[in-house]
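Q: Sequence:
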Amino acid sequence: MQEKRWRVRENNLAASSRLVRELGISNILAHLLCNRGFIEPEAAHQFLKPQLENLYDPYLMAGMRQAVDRIMRAIEQREKIIIYGDYDVDGTTSIIILRKVLEWLGADVSYHVPQRLVDGYGMKEEAVRQAHAAGAKLIISADCGIRAHDVVELANEIGVDVIVTDHHLPEERLPRAVAVLNPQRPDCNYPGKNLAGVGVAFKLVHALLKETGRERTLESFMKVAAIGTIADMVPLKDENRIIAKFGLEGLRQPNNHGLKALLESAGIAFDRSIGHDDIAFRVGPRINAMGRMGRANPVVELFWAESPEEAQSMARVLNEQNAARQQAERQVLDEARQVLEARPDLASTPVIVLVGNGWHRGVTGIAASKIVEKYYRPAIVISLEDGIGYGSGRSIRAFHLLNGLDQCADLFEQYGGHSHAAGLTIREDRIEALTSRLNHYAASVLSKEDLIPEIEIEHVLTVPDIRFELWQEISQLEPLGNGNPKPVLAIRDARMAGEPRILKERHLKFRVMQNGRDVEVVWWNGVEAEADFARNGAISLAFTVDANHYRGSIGIQLVVKDLKLGSQ
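For the sequence shown, this note's numbering begins at 1 and goes up steadily by one.
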C-alpha cells in the first residue's frame with residue numbers, strides 16, 4: 001500500500017463562528033463551508049440553498065445573441081439543422097437537450113454522433129459533407145468543435161453555417177463560425193467559467209426558452225443536464241451546483257420513458273435521494289460504455305422511446321455494453337500490470353507510458369485512471385493497431401497533461417485535452433520519442449514531493465463525535481463531487497474492536513473503538529492490507545461518512561480512505 005501524506009486543514013475559527021451564529025448551523029458544517037471558500041454568511045447561505053433565480057442570464061455569454069438569432073431564422077425558414085455531438089456522457093446529454101428543445105420549437109432537426117473507434121474525437125470534414133448532402137443549412141456542435149478550424153472553414157465554403165458549443169480550452173484563434181459559445185473564450189465575460197459541454201448547451205436552451213417566452217419550463221431540462229455535468233467531473237459550484245441540485249431532485253420523478261428505464265437499469269431507487277455517486281458510478285458508465293464500445297446513438301434514441309417496454313429493451317443494450325466494457329477494461333489492466341511487473345522501472349518514471357497491441361481503444365482512458373490511482377503518476381495507455389497508436393492519458397494534481405503534450409506536439413497525428421485528461425494519435429515509430437521527451441519535461445517540473453499522494457483531512461474527530469446527525473450535516477453539502485468533494489475526516493489513536501470480516505474476497509468490514517464508543521467501518525478493496533492490521537495497537541483512519549441503507553432502515557458507516565498504524 002503506497003504511503004500517503006495527510007494534510008489537516010486549519011480551522012478558520014473566526015469565520016466559522018460567524019457562520020454558526022448567523023446561519024444557525026453546526027460547528028462542523030460551518031468548518032466545511034469555510035474549507036470550500038464560503039466564509040461570508042450570504043455566500044454560504046446561497047451555496048446551501050441554491051435557487052433557480054441565481055442562474056445567470058444566458059445572454060451574458062459571448063456569441064449567444066448571434067446563436068439564438070441564427071437558430072430562430074432556421075426554424076422560421078424550415079432549414080434543416082444537424083446537431084454534431086461527442087460520444088461521451090457530456091456530448092450525448094448535450095445532444096438530447098438541444099434536440100428536445102429544437103423539436104419543441106418546431107425545428108427540422110437531426111443529429112450526428114461520430115464513432116469513437118472509427119472517426120475519433122471531434123468534428124470531421126466527411127460528416128460535414130454528408131450533412132450538406134442531406135440538405136443541412138446549420139450545424140450546431142455539442143461538446144466539441146472549439147479547435148475545428150478546417151472543418152468550420154469547409155462548412156463555410158459549401159454553404160453550411162456552424163454554431164460551436166463547447167467547453168474545452170480554445171486556441172488563440174477561434175473557429176470562424178456564426179457563433180462560438182464557450183465560457184473559456186478569452187473575450188467572454190460570462191461569470192460561470194466551469195460549465196460542462198452540456199452546461200453550455202443548457203445555456204443555449206435557456207436562451208431559446210427565454211427568447212420564446214417559455215423560460216418557466218427550463219427546470220425540466222436540468223435532469224439530463226445534471227447527468228452530463230456530474231459525469232464530466234466539472235466543479236460542482238456556482239451554476240453547475242444549481243444544475244446538479246435541481247436535476248438530481250427531478251430525477252426522482254422521471255417523466256421520460258427512456259430516462260426512467262436508464263435509471264432503473266442502473267439500480268437507482270426512486271424512494272430515496274439520488275446523489276452524485278449514483279450518476280458518477282452507475283448511470284454515467286452505462287452511457288459512456290456505448291461510445292467506448294461502439295455507437296452512442298442508442299443513448300440518444302433511448303430518450304425518444306415511445307413506451308416503457310421499448311425503453312426497457314433499449315436500456316438492456318446499455319447494460320450489455322457496460323458489461324462488455326468492464327470485461328475489456330479487465331483485460332487491458334491485467335496486461336498492463338504484467339508489463340509493469342516485468343518492467344518495474346516503468347513505474348518509477350515521472351510519466352508511465354504503456355503500449356499494448358490490440359488493447360480496446362474504448363477503455364484506455366479508464367485503464368490510465370486506474371494506473372494513476374495505483375502509482376500516483378501521470379499515465380498514458382496506448383493501443384497499437386496497424387502501426388498507429390491510439391492513446392488516452394490521465395494525470396495528477398501537480399502535472400498539467402496538455403501542457404506536457406504540447407512539448408511533443410510535432411510527434412502526434414492528433415491530440416487534445418485538459419490539465420488532467422487527454423487523448424492522442426501517434427505513429428508507432430514515434431512512441432519512444434514521446435516517452436523520452438515527455439518524461440524529460442515532467443522531470444523538470446515535478447518534484448519528489450509532487451509524486452507522493454496527499455489526503456486532505458477537513459476535520460479530526462473522535463469516535464463519540466460520529467453520530468447519524470454528522471451524516472445529516474454533511475448531506476447539506478450535496479450534491480458532492482469535483483470542486484465540492486465528499487469531506488474526508490480523521491480519527492486518531494483508535495483501536496480495532498474484534499476481527500475484520502472479509503467481504504467478497506476483496507473488501508473489509510470492521511469496527512473501531514475509542515472512549516467507550518465504537519463505529520462500523522468498511523474498506524473497499526482493503527483485503528491486501530488486512531495482514532498488516534494491528535489487532536491490539538492504535539490505528540488512525542482517514543474516512544468519509546456514508547449512509548448505509550439496509551432493509552428499509554438507514555444507518556451510517558465510515559469508508560476508509562487511508563489507515564495508519566501506531567499513534568499519530
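Derived from the structure by calculation, the hints contain no laboratory data.
This one's a predicted model, so the numbers in the text were calculated from it and none came from an experiment.
For each residue, glycine too, the CB sits at the ideal point set by N, CA and C.
There's no promise every hint is true.
Straight-line alpha carbon distances no greater than 20 angstroms define the calculated PhoX-like cross-link-like pairs of lysine-lysine that follow [claimed, not checked]:
(1) Lys370 / Lys49
(2) Lys237 / Lys100
(3) Lys370 / Lys4
(4) Lys80 / Lys124
(5) Lys4 / Lys245
The following label-pair restraints were derived from C-beta to C-beta distances [claimed, not checked]:
(6) Phe270 / Ala133: 20 to 28 angstroms
(7) Glu528 / Gln46: 38 to 46 angstroms
(8) Asn319 / Leu60: 25 to 33 angstroms
Q: Taking each numbered hint in turn, which are not upheld by the structure, reported in ascending numerical order?
A: 1, 2, 5, 6 and 8
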